[in-house]
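Number of protein chains: 2
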Amino acid sequence: MKIESLSNSRVKEWEKLKTKKYRDETGLFLIEGEHLIKEAEKKKVIKEIISYKEQEEADFYVTEQIMKKLSSQVSISNRIAICYKLEEEPLKDKILILDNIQDPGNLGTMIRSALAFDFQDIVIGTDTVDLYNEKVIRASEGMLFHINVVRKDLKDFLNKIKNDYQILITDVRKGKNIKDISIQKKVALIIGNEGNGVKEELKKYATSFIKINMNESVESLNAGVAASILMYELYERK
Amino acid sequence: MKIESLSNSRVKEWEKLKTKKYRDETGLFLIEGEHLIKEAEKKKVIKEIISYKEQEEADFYVTEQIMKKLSSQVSISNRIAICYKLEEEPLKDKILILDNIQDPGNLGTMIRSALAFDFQDIVIGTDTVDLYNEKVIRASEGMLFHINVVRKDLKDFLNKIKNDYQILITDVRKGKNIKDISIQKKVALIIGNEGNGVKEELKKYATSFIKINMNESVESLNAGVAASILMYELYERK
Chain D
59 MKIESLSNSR VKEWEKLKTK KYRDETGLFL IEGEHLIKEA EKKKVIKEII
109 SYKEQEEADF YVTEQIMKKL SSQVSISNRI AICYKLEEEP LKDKILILDN
159 IQDPGNLGTM IRSALAFDFQ DIVIGTDTVD LYNEKVIRAS EGMLFHINVV
209 RKDLKDFLNK IKNDYQILIT DVRKGKNIKD ISIQKKVALI IGNEGNGVKE
259 ELKKYATSFI KINMNESVES LNAGVAASIL MYELYERK
Chain H
59 MKIESLSNSR VKEWEKLKTK KYRDETGLFL IEGEHLIKEA EKKKVIKEII
109 SYKEQEEADF YVTEQIMKKL SSQVSISNRI AICYKLEEEP LKDKILILDN
159 IQDPGNLGTM IRSALAFDFQ DIVIGTDTVD LYNEKVIRAS EGMLFHINVV
209 RKDLKDFLNK IKNDYQILIT DVRKGKNIKD ISIQKKVALI IGNEGNGVKE
259 ELKKYATSFI KINMNESVES LNAGVAASIL MYELYERK
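Line by line, the protein sequences are chains D and H.
Residue 193 in the numbering used here sits at position 135 of the first sequence, and the numbers go up by one each step.
Residue 278 in the numbering used here sits at position 220 of the second sequence, and the numbers go up by one each step.
Derived by calculation from the structure, the hints in this document are not laboratory data.
Any given hint could turn out to be false.
Which copy is meant is left open, so a pair is good if it fits within one copy or across any two.
Claimed, not checked - Only pairs whose alpha carbons sit at most 20 Å apart, straight line, appear in this in silico SDA-like list of lysine to any residue:
#1 K237 - E294
#2 K70 - Q224
#3 K101 - N273
#4 K234 - M59
#5 K150 - L292
#6 K100 - S278
#7 K244 - I61
#8 K237 - E147
#9 K74 - K234
#10 K96 - G253
#11 K193 - Q160
#12 K237 - I95
#13 K237 - L292
#14 K79 - I134
#15 K234 - N191
#16 K244 - F267
#17 K213 - R137
#18 K150 - D179
#19 K96 - S275
#20 K143 - Y119
#21 K243 - D179
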């Protein structure tokens, strides 16, 4: 099917998927480029594919002008896909919990690292950046299709898991070196906001406070780096 | 001194410091906000301070409109400072070498991690993003004032250090787990471009190829994360 008008209702709906509000309402999101489309295909979550080049495989063919409208990148990709949001899966043994992470690049980076170090679940608080934000998707390099990410009220969630999981929270002052902590089979690691760390009201759920051994003249690491080093340590320990 | 005109020659020069070309020509760069100014003061590299608020300490007072012109942030800071670029210092034992890193956030993140894990020198190739780019400065959280970062032709540089330093290069295929490599006192770690890794022409300088132990289904980590985990491993080993 060929669409040529910018005011076509489908085009308008696709474009609205750039907002979190409309993604939430429809349960759909938008991805760009062959690498992401390949990863989405593996997961069978593609609803429809849009292209402005006739030689490409697609469900809808549009003009270059429409494609530019839908794209968030400087140089537009050959294809854009509309995907169904991922289904929530049951929790496994290692959970990364993110409290108020604001930088989409950080969230994408943590998704990649979580998969690399066998954390198969990520639970994000209601104030963390949207998983389906296009910058998060790009920074995750398509890895978000292979991990279970769910959004929850973190207090409720921690109340539910606190008897089953060892809960680790970073604290530069009272934390113990992660290397000196014995780790249980079921473990949840909480990473806090880039500037303020983990909220006080969540700290009471900690089984242990941990830290990364480093030169004390440096105040903190980037949140994505800290999360990755800790998950690496827990992976190495298995 | 009070400046009120947007076409004042000083204002024009300050604004030009947003470009790499003019920073290179003048040896100056621009920083925003109290946290960065505090770090720059410790290092005594501030040439002059600009503010639009009379109660602030500054060398030049400007209008809010001029301040907006100079600022790269959404909400402008009370003060902006013009700094002298940092002097090159003699190399110490642990060097991080960056080959064609493009993302300013990644460079800033690596600067923070380098300091945290006692890498006191960073050598960046001629094709890596400018150290004095405002996004790099912000992502480094002011840590760039406390580390020696120099820009070099990497082939020339590696030729010069190859007899004195153990040179480590990441390679997911032929690399050995970093944990299984014995580390010399003087060590240089090369991190490659986000998409393409380390250039072929630099690989011949490797003393050892290394990798990070992880789930093989994941193609790669974010470059800043990979650099940080490797520096952490080398720090932990000391």
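Go through the copies and call it for K193 and Q160: within, between, both or neither, with a Cα cutoff of 20 Å.
Result: close both inside a copy and across copies, 12 Å intra and 16 Å inter.
K100 and S278: within-copy, between-copy, both or neither at 20 Å Cα
Between copies, since 18 Å is at most 20 Å while 38 Å is not.
Intra- versus inter-copy proximity for E147 and K237 (alpha-carbon distance at most 20 Å)
Result: close neither inside a copy nor across copies, 30 Å intra and 34 Å inter.
Alpha-carbon proximity context of K213 and R137, limit 20 Å:
Answer is neither: 40 Å inside a copy and 39 Å across each miss the 20 Å cutoff.
For K243 and D179, with the copy left unspecified, which applies at a CA distance of at most 20 Å: within, between, both, or neither?
Classified as within: same-chain Cα gap 14 Å, cross-chain 39 Å, threshold 20 Å.
How would you classify K74 and K234 at a CA-CA limit of 20 Å: within, between, both, or neither?
Result: close neither inside a copy nor across copies, 47 Å intra and 47 Å inter.
Regarding K244 and I61, is the shortest C-alpha distance of 20 Å or less found within a copy, between copies, in both, or in neither?
neither (51 Å within a copy, 62 Å between copies)
Within, between, both or neither: how does the pair K234, N191 come out at a Cα-Cα threshold of 20 Å?
Answer is neither; intra-copy 35 Å and inter-copy 36 Å both fail.
I want to check one pair: K237 and I95. Are their C-alpha atoms no more than 20 Å apart within a copy, between two copies, both, or neither?
Close neither inside one copy (39 Å) nor across copies (36 Å); limit 20 Å.
Within, between, both or neither: K143, Y119 at alpha-carbon 20 Å
neither (23 Å within a copy, 52 Å between copies)
Up to 20 Å CA-CA - G253 versus K96, copy category
between (35 Å within a copy, 17 Å between copies)
How would you label the pair K96, S275 (within, between, both, or neither) given a Cα cut-off of 20 Å?
Answer is between: at 15 Å across copies they meet the 20 Å cutoff, but 44 Å inside does not.
Of the numbered hints listed earlier, those contradicted by the structure are 2, 4, 7, 8, 9, 12, 14, 15, 17 and 20.
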